[in-house]
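Peer 1: Okay, here's what each chain looks like letter by letter:
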Amino acid sequence: MSTLTQILRTTGLAAAVAVMSTAAHAQTVEVPFYFPVAVGGPITKLIDQYATEFSKEHPSIKVTPIYAGTYQETIVKALTAHKSGTPPVTSVLLSTDMFTLIDEDAIVPIDGFVKTDADRAWLKSFFPAFMTNSQTDGKTWGVPFQRSTVVLYWNKEAFKEAGLDPNKPPTTWDEQIEFAKKLTKRDASGNVTQWGMQVPSSGFPYWLFQGFTTQAGAELMNQAGDTTFYDKPEVVQALQYWVDLSTKHKVMAPGVIEWGTTPKDFFERKTAMMWTTTGNLTNVRANAKFDFGVAMLPAGKRLGSPTGGGNFYIFKKSTPAQQEAAATFIKWITTPERAAQWGIDTGYVAVRPDSWETPAMKKYVEGFPAAAVARDQLPHAVAELSTHENQRVTKALNDGLQAALTGAKTPEQAMKDAQAEAARILRPYKK
Amino acid sequence: MRRIDVHVHGWLLLLPAIAFLALFTHWPAVATLVDSFYSTPRGSRPARFIGTDNYAVMLDDPVFWQSVVNNLWFALGTIPVSIALAMVMALWVNDRLAGRTWLRTAFFTPTVLPMIAVANIWLFFYTPQYGLLEQVTGLFGLPSHNWLGSRDTALACVILVAIWKEAGFFMIFYLAALQQIPPSLAEAAALEGASRHYYLRRVVLPLLMPTTMFVLINAVINSFRLVDHIIVMTRGGPDNVTSLLLFYIYEVGFKFWDTSYAAALTMVLVVVLGLVALAQYAFLEKRTHYQ
Chain A
1 MSTLTQILRT TGLAAAVAVM STAAHAQTVE VPFYFPVAVG GPITKLIDQY
51 ATEFSKEHPS IKVTPIYAGT YQETIVKALT AHKSGTPPVT SVLLSTDMFT
101 LIDEDAIVPI DGFVKTDADR AWLKSFFPAF MTNSQTDGKT WGVPFQRSTV
151 VLYWNKEAFK EAGLDPNKPP TTWDEQIEFA KKLTKRDASG NVTQWGMQVP
201 SSGFPYWLFQ GFTTQAGAEL MNQAGDTTFY DKPEVVQALQ YWVDLSTKHK
251 VMAPGVIEWG TTPKDFFERK TAMMWTTTGN LTNVRANAKF DFGVAMLPAG
301 KRLGSPTGGG NFYIFKKSTP AQQEAAATFI KWITTPERAA QWGIDTGYVA
351 VRPDSWETPA MKKYVEGFPA AAVARDQLPH AVAELSTHEN QRVTKALNDG
401 LQAALTGAKT PEQAMKDAQA EAARILRPYK K
Chain B
432 MRRIDVHVHG WLLLLPAIAF LALFTHWPAV ATLVDSFYST PRGSRPARFI
482 GTDNYAVMLD DPVFWQSVVN NLWFALGTIP VSIALAMVMA LWVNDRLAGR
532 TWLRTAFFTP TVLPMIAVAN IWLFFYTPQY GLLEQVTGLF GLPSHNWLGS
582 RDTALACVIL VAIWKEAGFF MIFYLAALQQ IPPSLAEAAA LEGASRHYYL
632 RRVVLPLLMP TTMFVLINAV INSFRLVDHI IVMTRGGPDN VTSLLLFYIY
682 EVGFKFWDTS YAAALTMVLV VVLGLVALAQ YAFLEKRTHY Q
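Chains as they are written, first to last, in the working numbering: chain A, 1 to 431; chain B, 432 to 722.
I should point out that these hints are in silico values taken from the structure, not numbers from a laboratory. Don't take each hint at face value.
Not everything, but these chain A residues come out facing chain B in the computed CB check (under 8 Å) [claimed, not checked]:
id, residue
1, T100
2, K185
3, V243
4, E268
This structure is a prediction, so every number in the text was calculated from the model and none was measured. Cβ coordinates follow ideal geometry from the N, Cα and C atoms, glycine included.
The following block holds chain A by itself, in its conformation from the complex:
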């Protein structure tokens, strides 16, 4: 029922947009633009402002932002519209949706809109860590926009109470356990009143798991997106470490930990440290009633975190003029100044190094150094898990992770099963 209404709404919307664009002046190019909202803050208002400002500077182009729900809902709407023949001209979707969009023949490479030297410089200006999820087969398919990494937040007051230096977060796997043990508080009857740490495992456990695997020195997939390495010894070792946090060391709540309530657990002092997206920075800053710190994730064999978040894509089933107009808009919104402002307003990582050199960003980081942590972590960041049949291949891993975390399977068995399932799904895509 709900999916049906969604489809009807989307097609209705697409039809309305089509009618509007034919009715408009021949010179004005209409660019319907779907965007999701995935973190707190007045995202819709900000996007509308950008569109108005852009149209002022480019009177011949009319960008129409359309709020489309969560990332998941936005891609459902965009792909449904694509199948009905009238997709948005551009859309912000997960960087990991790249292979899905390519396989559906829904998007065009960005390279076609890169013609001048200035354009080439623009495409090279983004953090390389973000581009790994935008490129495959020698082509660039997405432009980084609202990107993130996983970071560690810690409660400085809790550190003080536990006799730890409030300004020194754990930097290694061993320290993380050692600190977390000191931070775990139990009452007289042995019930935990404050956990040492929390790594959420609902929704997209693979993303946080990629923190552990990267630190263990493992990669989960290849750049071509047709092979996964879920059963590598390093991956099993990473999962063992995660499982041990609750079963062996008893510093994290057992079972699956909810993504959505984790920041709240942190605010309520139910956990002293948490792993979550840097996109939650503004949220934590507004709601934590204690002094907190933000740090890079602790290192295993090395430092590491996956990147995450959304890219701009340009859809195939729109006119060349519309695609050009969309490219112009994307280039406009990712200038250093705007990328910086977007990062300041939302907590996302500004996507290009030179945006961190702008006066606005420098001033922001000076007053709030935590904002720079995600940027500093980028040199250690890896591409987010993304393959052909992405959702299905990822689900195989998610199921395995949850099975291990709830004690139904050993880490080794869970990863072996997940790998077998992923290999089965990816077989048709092997070249």
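Starting from the known structure of chain A, fit chain B onto it as the hints suggest.
Peer 2: Then chain B, alone, in the frame of chain A:
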């Protein structure tokens, strides 16, 4: 000639309804059936006829079977309890007690609240350590438990939310049915010296049977098409223990974009629900007394 006119006239009157029924009910069902025999079209690969391959895949699909089993437990857990609860609540607020309007509203509230928002609230009820449930169990000194995150309790927690939502809705039907029962029956029973309990068992419950049947069919259908709580509260996790059929169909169709497999799964759901409804009509109809 006159007779034909009447028939044409009659069919013309029916035409709008038939057109809508065909367009929005029968055509999608037939299209789904047809799609389930084709492969999923991807941009570069058009759909091709694959016969019953999708159904063969289904037989080997562990998540599908787990969803079926979960769904049976879910139905078993929600239907009897929510119907019994609805009946008890209706009998209670049908009496002339003080504040019954307030009570009726309270019982009905869950039904009118948007379920996504409600599921979010329940998510916090179940939160380990400071959720409502934990506060209560904490009073008795019980250890903290991760309700939605453990395999043993996740499905039960989802069932509880469904009962909480459904019972109030079914209560409305029972309340309407109770008010249809003529007061003269109660007066006659009182004159005959029948106990309250006897009157309830031999008069009220039989007269409520048509409603019970209606509610039962609805309850069965609802229990197989639940998807919103699952998406908000557990997304089928941990490790698929709360994956129900419709949630799995949603996942296959709109996350994996395997639309033809989703179509095949939908056909299974349609057939199962159709059979259940038929069986209910066949068996219960005989036992139902209509006034």
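Peer 1: Decide, hint by hint, whether the structure agrees.
Peer 2: Consistency of the hints with the structure:
Interface hint at T100 (chain A): satisfied, since its Cβ lies 7 Å from the closest Cβ of chain B, which is below the 8 Å cut-off. Using the Cβ-Cβ criterion of 8 Å, the hint placing K185 (chain A) at the interface with chain B is not satisfied: the shortest such distance is roughly 11 Å. For V243 (chain A), the interface hint is violated, the least distance from its beta-carbon to any beta-carbon of chain B being 13 Å, above 8 Å. With its C-beta approaching chain B no nearer than about 6 Å, E268 (chain A) sits inside the 8 Å limit, and its interface hint holds.
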